[in-house]
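Peer 1: Chain W: place on chain H using the hints.
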Amino acid sequence: AQTVTQSQPEMSVQEAETVTLSCTYDTSESDYYLFWYKQPPSRQMILVIRQEAYKQQNATENRFSVNFQKAAKSFSLKISDSQLGDAAMYFCAYTRAGTASKLTFGTGTRLQVTL
Amino acid sequence: DAMVIQNPRYQVTQFGKPVTLSCSQTLNHNVMYWYQQKSSQAPKLLFHYYDKDFNNEADTPDNFQSRRPNTSFCFLDIRSPGLGDAAMYLCATSRGQGGQETQYFGPGTRLLVL
Numbered sequence: 774a775q776t777v778t779q780s781q782p783e784m785s786v787q788e789a790e791t792v793t794l795s796c797t798y799d800t801s802e803s804d805y806y807l808f809w810y811k812q813p814p815s816r817q818m819i820l821v822i823r824q825e826a827y828k829q830q831n832a833t834e835n836r837f838s839v840n841f842q843k844a845a846k847s848f849s850l851k852i853s854d855s856q857l858g859d860a861a862m863y864f865c866a867y868t869r870a871g872t873a874s875k876l877t878f879g880t881g882t883r884l885q886v887t888l
Numbered sequence: 033d034a035m036v037i038q039n040p041r042y043q044v045t046q047f048g049k050p051v052t053l054s055c056s057q058t059l060n061h062n063v064m065y066w067y068q069q070k071s072s073q074a075p076k077l078l079f080h081y082y083d084k085d086f087n088n089e090a091d092t093p094d095n096f097q098s099r100r101p102n103t104s105f106c107f108l109d110i111r112s113p114g115l116g117d118a119a120m121y122l123c124a125t126s127r128g129q130g131g132q133e134t135q136y137f138g139p140g141t142r143l144l145v146l
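Chains as they are written, first to last, in my numbering: chain H, 774 to 888; chain W, 33 to 146.
One chain only, chain W, in its complex shape:
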């Protein structure tokens, strides 16, 4: 089935140790998103790609970066994770950028920072 895949589902890292989360999609969608969801909070958009165009949210910390080497894959890099970065990270895709577009979500990667 076409889907959004996130690996790993659980990631443990040490304070300050760079970590990369990955997302892949078989939907051939143009747009890919990364959301951060902390416990009992709403998912918060970090950034998104429309094709190769990167769009960073104004309040996304510089510690967070992203790469999209091709249509199928998108990575979230956290350069120096802090304890406050522990969260569920959700990847999503959509066919286009219009407000009417449905976003398709992956199962998320739960990041634990020790």
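The following block holds chain H by itself, in its conformation from the complex:
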């Protein structure tokens, strides 16, 4: 069975600084997708960034980028120029390619952004 592990329950970053959230996963599949979802307090979860396992290039979305290390099964999220609106719970998630997109989530990292 696939598992996703986020070892940092909480992180804190100052506004305008950079922070990296860690995620590791375990799978025997070679083709899969990895996601970072953001869940702000009392608001719905939204997709931050997606990585396709067969693509070597790391995905980037504006201030958000990932460091995808397939051999190490590691998928970290880097947030640059952190803003107050980045404060949220961040979930790393995995799904196998080619089948129903059933997400397996990690337990989340709560990110605080301070002035």
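Since the hints were derived computationally from the structure, they do not count as laboratory data. Only a predicted model underlies this, so the values are computations on that prediction, with no experimental measurement involved. By construction, the Cβ of each residue, glycine as well, lies at the ideal position given by its N, Cα and C atoms. Hints may contain errors.
Claimed, not checked - List of simulated lysine-lysine pairs, BS3-like, C-alpha gap at most 27 Å: (1) H:K843 x W:K49; (2) W:K84 x H:K875; (3) H:K843 x H:K828; (4) W:K76 x W:K49; (5) H:K843 x H:K875; (6) H:K828 x H:K851; (7) H:K875 x W:K70; (8) H:K875 x H:K846; (9) H:K828 x H:K846; (10) W:K49 x W:K70; (11) H:K875 x H:K828; (12) H:K843 x W:K76; (13) W:K76 x H:K846; (14) H:K875 x H:K851; (15) W:K76 x H:K851.
What the hints assert, rightly or not - Now the in silico label distances, taken between C-beta atoms and shown as ranges: (16) H:N840 x W:K49: 45 to 51 Å; (17) H:Q885 x W:F86: 18 to 24 Å; (18) H:Q856 x W:R111: 40 to 46 Å; (19) W:E89 x H:D854: 35 to 41 Å.
Peer 2: Leaving out everything else, chain W in the frame of chain H:
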């Protein structure tokens, strides 16, 4: 704006009293999902519909059922809620079933069982 709507946002029920949570979507997506998220835990998929085809996760308790009367609506029925069923219930949709599909989430319904 197109979105995923969950009602109510907070639901209180009594131990053993059936409860229904609802989800609607204006995205016209084929797939709808229900997740259970307990405090400080990862969201866990309960089941999903691809159109009218129902797909139950192997470890979803029999106490949980779902209905999808049309494309827009999906319901989660808990037949006899126990204290352990208190959680946030998240509804999500996606256009298709492929792994590359983005899931769009509703704000969730927080269920309290007394």
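Peer 1: Each hint: holds or not?
Peer 2: Outcome of the hint check:
no.: 1; hint: H:K843 x W:K49; result: violated (47 Å)
no.: 2; hint: W:K84 x H:K875; result: holds (17 Å)
no.: 3; hint: H:K843 x H:K828; result: holds (10 Å)
no.: 4; hint: W:K76 x W:K49; result: holds (23 Å)
no.: 5; hint: H:K843 x H:K875; result: holds (20 Å)
no.: 6; hint: H:K828 x H:K851; result: holds (18 Å)
no.: 7; hint: H:K875 x W:K70; result: holds (18 Å)
no.: 8; hint: H:K875 x H:K846; result: holds (19 Å)
no.: 9; hint: H:K828 x H:K846; result: holds (14 Å)
no.: 10; hint: W:K49 x W:K70; result: holds (20 Å)
no.: 11; hint: H:K875 x H:K828; result: holds (20 Å)
no.: 12; hint: H:K843 x W:K76; result: holds (24 Å)
no.: 13; hint: W:K76 x H:K846; result: holds (21 Å)
no.: 14; hint: H:K875 x H:K851; result: holds (25 Å)
no.: 15; hint: W:K76 x H:K851; result: holds (25 Å)
no.: 16; hint: H:N840 x W:K49: 45 to 51 Å; result: holds (48 Å)
no.: 17; hint: H:Q885 x W:F86: 18 to 24 Å; result: violated (40 Å)
no.: 18; hint: H:Q856 x W:R111: 40 to 46 Å; result: holds (44 Å)
no.: 19; hint: W:E89 x H:D854: 35 to 41 Å; result: holds (39 Å)
Checked against the numbered hints given earlier, this structure breaks hints 1 and 17; the rest are met.
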